[in-house]
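Colleague: So the sequence lines, in the order shown, correspond to chains S and X.
Start counting the first sequence at 1; every next residue gets the next number (our numbering).
Start counting the second sequence at 1; every next residue gets the next number (our numbering).
Worth flagging that the hints you see were computed from the coordinates, not collected in a lab.
Computed from a predicted model, the values in this text were never measured in an experiment.
It is possible that part of the hints are untrue.
[Stated by the list, open to error] Taking lysine to any residue and the SDA-like style, the derived pairs with C-alpha atoms no more than 20 Å apart in a straight line are:
1. Lys230/X with Asp146/S
2. Lys152/X with Pro258/S
3. Lys338/X with Ile80/S
4. Lys215/X with Val64/S
5. Lys185/X with Asp146/S
6. Lys230/X with Pro160/S
7. Lys215/X with Pro67/S
8. Lys230/X with Leu58/S
9. Lys301/X with Gly164/S
10. Lys153/S with Gly219/X
11. Lys230/X with Gly164/S
12. Lys328/X with Arg304/X
13. Lys153/S with Ser257/S
14. Lys340/X with Pro258/S
15. Lys230/X with Ser163/S
16. Lys340/X with Gly123/X
17. Lys230/X with Pro258/S
18. Lys230/X with Leu156/S
19. Lys230/X with Pro165/S
20. Lys230/X with Ile256/S
21. Lys230/X with Ser257/S
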Amino acid sequence: MQRHTLPRRAGKKSRRPDLFWALLSVAAVVILIITAINLYALINGSAASLRYFGLGFLVGTDWVPNPPEGPPLLGALPAIYGSVVTTLIALLLAVPISLGVALFQAELSPRRLRTPSIFLIELLAAVPSVVYGLWGLFVLVPFMRDHVNTQLKTWLGFLPLFSGPTNGLGMLTAGVILAIMIIPYGSSVMREVIAVVPRSQREGSLALGATRWEMIRTSVIPYARTGIIAAIVLALGRAIGETMAVTMVIGNVARISPSLFLPAETIPSVIANEFTEVAGNDLYLSALFELGLILFAIAFLMNLAGRILITRLRFTGGSDRIA
Amino acid sequence: MSNQNTKRNVGLVVLLIIIIAATAGGYSYYANIGNTNTTQSMTETTSTATSNEAVSILGAGATFPAPLIQKWTVEYNTLYPWITINYNPIGSGGGIQQITQKTVDFGASDAPLSDAQLQNATGLTLMPETLGGVAIAYNLQPYGIANTTVIKFTGDVLAGIYMGRITQWNDPAIQALNPNLQLPKATITAVHRSDGSGTTYAFTDYLSAVNSDWKSTVGRSTSVAWPVDKTATGIGAKGNAGVAGTVANTPGSIGYVDVIYAAGKSLGIGAVKNAAGNFVVPSLQTIANAAASATGTPDPKDLRLHIVNAAGDQSYPIATYTYILLYKEMSNQPSMTKSKAEALAKFLWWAIHDGQKYAPDLIYAPLPQNIVSADEQLLTSLTYQGQALITR
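Can you build the whole structure from these sequences, using the hints too?
Modeller: Written out as structure tokens, the structure is:
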């Protein structure tokens, strides 16, 4: 009897919607609805600011919410600049380290060390952001000020990037702390995509006389590159939206300066700092909403760019299993 | 990898982490053993009364008076176990916003509300419930000036620093005020709040009162555009604790914090020149002096008071009242009942009388008598559906 009913059920499932199908569809639609509501709320909240400041908001460099006279004067450029620069620093530092960690864990690590190192790296992802901020403020900031920044200034001080006074609080420190925070995200995704590179790929290149390094460079990384880019996009999304730890170490100053030592601000840090004090100043609140909208747009564009890159690479050869 | 192997490795990692954690924990315990005077009342929580006429009141607002208000709610709950009052320190602006939208029973703000803010909330009144001071903190220890050394400042010098016009510690303007000190040739890092704050309001209110340039270009507000950020070295830090921590961490820095955050920390505390021309350090007494210098009973219909740069030989010039925000006709609030309104009015009556004895321990000055009388008049004028809540 069992034998008789089983195939019939299986046959039905693929043709007609059942409860399981309905549940999954609801889940998928709910995500779309939440995103739509979110976007609607951001646009609706920004309406006053969009109307008043127009495109000038994107290029304005002044942030004077409560001037002694007249309406607020608000521009988002310092926050956008700070967000982009800190994220770039974080990626520059985190991508090579993540890739190195992932390759070590997937290819080189002795078995005995593999599990502990995976465990420890993933532990980094479980540390709350505010704890990174505390550690950053009391440990990393003095360290950067007394050792890293002074050395950079001595050797590379002729570059505008490493000029000016070094307090330890600033874009470079924020970038370093972001890098530490996104390494576990980047490395665990990269490790997974490297682990699924087929054995035949490796064996093929080894059989042709490649060293281990040549095998990784010519067979493993090209095969896994779409997944590696997906990992970078994921890490980037995490870095650009990070709030608490950055707020605590960046110095929170609306200023665009070439020097990485100087304090700055990011879009999330401005929103976190200022949203409690906007009562009775509707334009100010609306400007904070618009900052949120800009962040949404930046994250969306970055994701889109990552997607396009992945599809391009896939057509020129690479893995279909990943991403 | 074999299952057994994995198990052994996981065990190894857990052991490693425990050892690291224990070492670090033990180290920091011994490192901080002499530094344990944290405020106890911050962590105390109110216990819920299980009486049949239980009343629960919710307030939100300024962080500055939070330690005192929370102490009050605990003490009041032990006296009247069926009345539970919760105070949520979310910041002055948040308090104003929530009481305007009537989502809380009372609000609290360090900055007196502007006329525009009062127009947004018809019937809202302000009741000063305590007062405090803003200390000028600095860190010149790495340059050989101990934290116990008192550096003298004037309002003009402080305005000059935060406008980015005075950028070195050995600037003639500072050196002239402190002829006995060898001030270093070091850059001044001016630390300010990055979040909106009643402390910033009090500090910029003072600078506006003493420096006309400041008044016309920057003004007074819970958050301002600091000129020092653009032209010299300014740093924004979140919360009083953030400013205190940044100053303690940054050689050559200066900052402003509520007095309680400067006391007991490893910071130098400056003396500020008052209206009488004396240099005064912040203390319970000098802050109370500032309040006492404003004599006469103020109008209970508008208790917005400014006590910066107060008269009096020993008045500390950067002092401020902090306010409870509530509706005069309490039935305007949808969540308010008669018993709640009565309980809230009686709690505030208790707070401005018996409650004041808890203020000095937390470095708030007790309210002077003229303000207590004005508060009494205000509380007796509170109504619920037209009926007075407190009768004398």
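Colleague: Work down the list of hints and note, for each, if the structure agrees.
Modeller: Quick rundown of the hints versus the structure:
Our distance criterion of 20 Å between C-alpha atoms is broken by lysine 230/X and aspartate 146/S, whose separation comes to about 24 Å. This hinted pair does not check out: lysine 152/X and proline 258/S have alpha carbons roughly 35 Å apart, beyond 20 Å. Taken as a hint, the lysine 338/X and isoleucine 80/S pair is broken in the structure, with Cα atoms around 51 Å apart against an allowance of 20 Å. Between lysine 215/X and valine 64/S, the direct Cα distance comes to roughly 14 Å. Compliance with the 20 Å bound is thereby established for this hinted pair.
A threshold of 20 Å between alpha carbons decides the hint, and for lysine 185/X with aspartate 146/S the separation of about 18 Å falls inside it, so the pair holds. Proximity of lysine 230/X to proline 160/S is assessed by CA-CA distance (about 17 Å); at most 20 Å being required, the pair is judged to hold. Only pairs whose Cα atoms come within 20 Å are accepted, and lysine 215/X paired with proline 67/S is accepted, the gap being roughly 10 Å. Restraint check: the Cα-Cα separation between lysine 230/X and leucine 58/S comes to about 19 Å, which is no more than 20 Å; the hinted pair holds.
Proposed proximity of lysine 301/X and glycine 164/S is contradicted: the alpha carbons are some 53 Å apart, above 20 Å. Of the pairs offered as hints, the one joining lysine 153/S and glycine 219/X is violated, with about 37 Å between alpha carbons and a cut-off of 20 Å exceeded. Proximity of lysine 230/X to glycine 164/S is assessed by CA-CA distance (about 13 Å); at most 20 Å being required, the pair is judged to hold. Proximity of lysine 328/X to arginine 304/X is assessed by CA-CA distance (about 16 Å); at most 20 Å being required, the pair is judged to hold.
Restraint check for lysine 153/S and serine 257/S: satisfied, since their Cα atoms lie roughly 16 Å apart, inside the 20 Å limit. Between lysine 340/X and proline 258/S the CA atoms are separated by roughly 57 Å; this puts the pair beyond 20 Å, and the hint is violated. For a cut-off of 20 Å, the pair hint linking lysine 230/X to serine 163/S stands: about 16 Å separates their Cα positions. A C-alpha spacing of about 18 Å is found between lysine 340/X and glycine 123/X, which places the hinted pair at or below 20 Å, so the restraint holds.
Between lysine 230/X and proline 258/S the CA atoms are separated by roughly 13 Å; this keeps the pair inside 20 Å, and the hint holds. In summary, the hint linking lysine 230/X to leucine 156/S is not supported, as the alpha carbons are separated by about 24 Å, beyond the 20 Å threshold. For the suggested pair lysine 230/X and proline 165/S, the alpha carbons sit about 14 Å apart, so the restraint of at most 20 Å is met. In summary, the hint linking lysine 230/X to isoleucine 256/S is supported, as the alpha carbons are separated by about 9 Å, within the 20 Å threshold.
Of the pairs offered as hints, the one joining lysine 230/X and serine 257/S holds, with about 9 Å between alpha carbons and a cut-off of 20 Å not exceeded.
When each numbered hint is compared with the structure, violations occur for hints 1, 2, 3, 9, 10, 14, 18.
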